[in-house]
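Could you build all of it, start to finish, from the sequences and the hints given here?
As you go down the protein sequences, you meet chains A and B in turn. One point on numbering: in our numbering, the residue at position 32 of the first sequence is 32, and numbering is uninterrupted. One point on numbering: in our numbering, the residue at position 95 of the second sequence is 95, and numbering is uninterrupted.
Honestly, I wouldn't trust all of these hints.
[Stated by the list, open to error] Among the chain B residues that face chain A by a calculated CB cut under 7 Å, a handful are:
{"hint": "1", "residue": "S173"}
{"hint": "2", "residue": "V266"}
{"hint": "3", "residue": "H274"}
{"hint": "4", "residue": "V287"}
{"hint": "5", "residue": "H290"}
{"hint": "6", "residue": "D293"}
[What the hints assert, rightly or not] DSSO-like cross-link-like pairs, simulated, lysine-lysine; straight-line CA separation at most 27 Å:
{"hint": "7", "chain 1": "A", "residue 1": "K139", "chain 2": "B", "residue 2": "K26"}
{"hint": "8", "chain 1": "B", "residue 1": "K218", "chain 2": "B", "residue 2": "K172"}
{"hint": "9", "chain 1": "B", "residue 1": "K227", "chain 2": "B", "residue 2": "K264"}
{"hint": "10", "chain 1": "A", "residue 1": "K144", "chain 2": "B", "residue 2": "K279"}
{"hint": "11", "chain 1": "A", "residue 1": "K203", "chain 2": "B", "residue 2": "K88"}
{"hint": "12", "chain 1": "A", "residue 1": "K139", "chain 2": "B", "residue 2": "K172"}
{"hint": "13", "chain 1": "B", "residue 1": "K306", "chain 2": "A", "residue 2": "K119"}
{"hint": "14", "chain 1": "A", "residue 1": "K251", "chain 2": "B", "residue 2": "K264"}
{"hint": "15", "chain 1": "B", "residue 1": "K306", "chain 2": "A", "residue 2": "K125"}
{"hint": "16", "chain 1": "A", "residue 1": "K251", "chain 2": "B", "residue 2": "K218"}
{"hint": "17", "chain 1": "B", "residue 1": "K303", "chain 2": "A", "residue 2": "K120"}
{"hint": "18", "chain 1": "B", "residue 1": "K172", "chain 2": "A", "residue 2": "K199"}
{"hint": "19", "chain 1": "A", "residue 1": "K156", "chain 2": "A", "residue 2": "K127"}
{"hint": "20", "chain 1": "B", "residue 1": "K172", "chain 2": "A", "residue 2": "K144"}
{"hint": "21", "chain 1": "B", "residue 1": "K264", "chain 2": "A", "residue 2": "K119"}
{"hint": "22", "chain 1": "A", "residue 1": "K119", "chain 2": "B", "residue 2": "K279"}
{"hint": "23", "chain 1": "A", "residue 1": "K139", "chain 2": "B", "residue 2": "K197"}
{"hint": "24", "chain 1": "B", "residue 1": "K88", "chain 2": "A", "residue 2": "K201"}
{"hint": "25", "chain 1": "A", "residue 1": "K139", "chain 2": "B", "residue 2": "K279"}
{"hint": "26", "chain 1": "A", "residue 1": "K199", "chain 2": "B", "residue 2": "K88"}
{"hint": "27", "chain 1": "A", "residue 1": "K150", "chain 2": "B", "residue 2": "K306"}
Treat the hints as calculated values from the structure; they're not laboratory data. Cβ atoms here follow ideal geometry from the backbone N, Cα and C, with glycine treated the same way.
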Amino acid sequence: MKPNNEIFFRASGNGALMTDGRGTVLTDNMKKDLEDFKTKLRNGGKLTDPQKLKFDDYIKRENAPFELSDTAKSFVKENWLWLEKGFYKALKTDFTDKGIFNEEEGLSLMSRVHGNFYKKNTTRKYKGNLTGECDVEFKQGTTKIILDVKNCWDAKTFINAKPDKIYDWQGETYMDLYEADEFWLCYTLTDCPDHLLNKQKEKLWRQYYDESMSPEEASAMEERMTPMFEQIERNLVYSNSKLYTEEERIKIFKYQRDGEKFKLLLDRIPSALEYYQTIKLNDITL
Amino acid sequence: MATLTKATAKKVTFRELCEQPETKAKFNEMLGEKNGVSFLDSAIRMVQNRQDLVDCEPESVLNAVSAIASLDLMIDPSFGQAFIDTYKFKIGLRWFNFAQFQIGYKGLIELGHRTNSFLIIHTDDVRDGEYKSINRMTGEIEFEWNNDQDARKKLPVIGFIAYFQLTAGFRKSMYMTVKEMQDHGKKWSKNFRDKDKGWQKDFDGMGRKTVLKLLLDKYAPKSREMKRAIAFDQAIINDIHGQSLNYIDNPNTKVKVNLEDQNKAVERQRIIDHIENSKTIPRLEQVFEHIPDEEIRELYDQKIIKLTTKKK
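This is how it looks when you write it as structure tokens:
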């Protein structure tokens with residue numbers, strides 16, 4: 001087992017450490033109810049039976065020792081498998097393929113629109129028990145900015161794209177690792193690479209085609225399907241369309257560095273390390 | 001591969017294609033009225049006897065047949081002058097079978113003799129023990145031929161030789177070992193491992209043809225017909241006039257997507273765009289430390305001069 005100083009949690013997933021475990025946390029509503037119940041009791045009032053049940057549960061939650069959530073444990077286990085056994089399973093879908101394939105295209109689009117030159121970063125940073133490799137490290141005047149560029153699959157995923165808490169923590173971690181002032185989460189809408197575009201058409205084709213078709217029938221069907229193929233192109237290729245400007249194919253969420261917030265993440269690292277040291281591949285209690 | 005013969009939407013048979021007046025006119029023009037008709041008849045019979053050709057896109061078969069006719073070679077493969085091979089090829093979403101013209105070594109020799117420029121033009125195999133040495137200075141290869149024909153036939157083939165001598169006196173030879181020939185076949189033929197196709201079916205014939213073709217292509221004066229034969233060889237011919245060719249065997253024509261190379265190319269273009277679009281020196285300088293080569297450095301230097309002049 002690796003010693004604690006050789007254990008690193010990846011920035012791209014360490015937001016999982018910040019998720020709360022079931023039965024151990026008071027939500028804002030619960031906190032308000034608990035305060036109300038306490039006030040009522042202090043003033044000599046009595047709780048109804050359902051209120052009493054809630055009160056006991058909330059007190060239990062309030063006094064529960066901190067415990068990593070299942071999501072956090074699962075994240076630590078993934079890190080354990082990688083660091084101890086070299087096991088890593090990349091999620092591979094057409095969506096992730098486009099992200100990988102169009103990484104540079106996304107940067108080019110942003111560079112054109114912003115007039116800045118964005119260079120893909122290839123240096124991984126390590127600090128404490130955290131590690132990360134941001135997409136771009138960039139300086140604007142005296143402000144150091146970290147960019148994370150995400151290529152959306154299509155216009156629908158782009159329009160709905162918004163940051164979730166995982167990105168919040170990823171951004172905070174990057175800013176700490178690279179000593180940056182800002183983190184920009186950038187969503188871009190780039191053209192689907194040809195091989196993935198053809199794959200989409202082929203998938204559609206296979207829904208209708210069967211081996212028993214004669215060449216004439218297949219040709220006729222292909223012709224009938226032309227509008228559907230064209231629609232796929234319209235949905236996935238933007239650079240040749242007058243309906244999309246380059247400016248609107250970029251969406252950026254900007255974050256300022258927040259040391260106080262980041263401290264909350266650092267506070268969870270000892271628990272994660274403690275849990276890490278208990279993991280065994282064949283442990284039946286985990 | 002955009003110009004590959006378009007797969008016919010409504011399948012016309014090869015025979016129907018041959019019977020069309022424009023096809024007949026084209027063959028008559030190439031071979032004369034009598035020969036044109038009999039050539040097409042032979043072609044129809046040959047296709048009828050080969051299911052792989054029946055399954056091919058008829059236009060591609062007709063274009064391969066037309067190539068043979070335009071070179072005035074024998075269509076019957078037993079003469080060893082020309083062959084028609086078949087390939088499966090994907091266009092868009094579907095697979096199609098295409099016919100591919102192949103010149104035989106006897107075809108090359110025939111075309112060479114027709115020019116009257118060659119005194120000798122020959123190709124043969126080389127048997128175990130016959131190869132002696134090569135003079136790297138002159139390119140002359142020394143062999144000690146086994147003249148006992150029966151004993152020779154029992155020896156393993158170790159390579160192939162091609163030789164020509166022009167009437168003007170110039171002579172040249174080329175030798176390729178079996179290993180070199182196999183490597184060549186693997187590199188240039190998609191059907192190399194297909195047991196029913198050229199290399200596996202007739203390695204000897206392909207070896208002789210290949211070494212002769214390479215020799216002629218490199219060193220011999222070529223007639224128009226010879227040039228056409230070499231160009232047509234292993235090509236899918238897209239039109240009856242042989243003006244448009246696709247070499248599906250050629251590894252250089254295959255599009256391989258290499259992410260690293262692509263990323264480099266996209267980044268390079270981004271650098272060029274940035275240099276061209278920069279309106280101020282500080283903006284331009286963002287790219288300075290990432291300049292990948294001299295060409296872009298030159299572009300950068302020109303731009304910086306332009307911006308400096310503008311500033312003054």
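Comparing the hints with the structure gives:
Taking 7 Å as the C-beta contact cut-off toward chain A, the hint placing B:S173 at the interface is violated, the least distance being around 46 Å. For B:V266, the interface hint holds, since its Cβ comes within 7 Å of a Cβ in chain A; the closest pair sits about 4 Å apart. With a cut of 7 Å, the hint placing B:H274 at the interface with chain A holds, because the nearest CB-to-CB distance is about 5 Å. For B:V287, the shortest C-beta to C-beta distance to chain A is roughly 4 Å, which falls under 7 Å, so the interface hint holds.
Interface hint status for B:H290: upheld, as the beta-carbon distance to the closest one in chain A is roughly 5 Å, under 7 Å. Hint status for B:D293: violated, given a least beta-carbon distance of 16 Å to chain A, over 7 Å. For the suggested pair A:K139 and B:K26, the alpha carbons sit about 70 Å apart, so the restraint of at most 27 Å is broken. For a cut-off of 27 Å, the pair hint linking B:K218 to B:K172 stands: about 10 Å separates their Cα positions.
The suggested pairing of B:K227 with B:K264 is violated, with an alpha-carbon distance near 39 Å, which exceeds 27 Å. With a CA separation close to 22 Å, the supplied pair A:K144 and B:K279 stays within the 27 Å bound. Restraint check for A:K203 and B:K88: satisfied, since their Cα atoms lie roughly 21 Å apart, inside the 27 Å limit. This hinted pair does not check out: A:K139 and B:K172 have alpha carbons roughly 66 Å apart, beyond 27 Å.
For a cut-off of 27 Å, the pair hint linking B:K306 to A:K119 stands: about 24 Å separates their Cα positions. Of the pairs offered as hints, the one joining A:K251 and B:K264 holds, with about 25 Å between alpha carbons and a cut-off of 27 Å not exceeded. A C-alpha spacing of about 39 Å is found between B:K306 and A:K125, which places the hinted pair above 27 Å, so the restraint is violated. For a cut-off of 27 Å, the pair hint linking A:K251 to B:K218 is broken: about 58 Å separates their Cα positions.
With a CA separation close to 23 Å, the supplied pair B:K303 and A:K120 stays within the 27 Å bound. For a cut-off of 27 Å, the pair hint linking B:K172 to A:K199 is broken: about 51 Å separates their Cα positions. Under the criterion of a C-alpha separation no larger than 27 Å, the hint pairing A:K156 with A:K127 is inconsistent with the structure, at around 37 Å. Using a Cα cut-off of 27 Å, the hinted pair B:K172 and A:K144 is violated, with the two alpha carbons roughly 69 Å apart.
For the hint linking B:K264 to A:K119, the alpha-carbon distance of about 11 Å falls within 27 Å, and the restraint holds. For the given pair, A:K119 sits about 19 Å from B:K279 by alpha-carbon distance, which is consistent with the 27 Å threshold. As the CA atoms of A:K139 and B:K197 are separated by approximately 62 Å, the hinted pair breaks the 27 Å bound. Only pairs whose Cα atoms come within 27 Å are accepted, and B:K88 paired with A:K201 is accepted, the gap being roughly 21 Å.
Taking the CA atoms of A:K139 and B:K279, the gap is near 18 Å; set against the 27 Å cutoff, the hint holds. For the hint pairing A:K199 with B:K88, the CA-to-CA distance comes to about 20 Å; that is within 27 Å, so the pair holds. With a C-alpha separation of about 36 Å, the suggested pairing of A:K150 with B:K306 is violated against the 27 Å cut-off.
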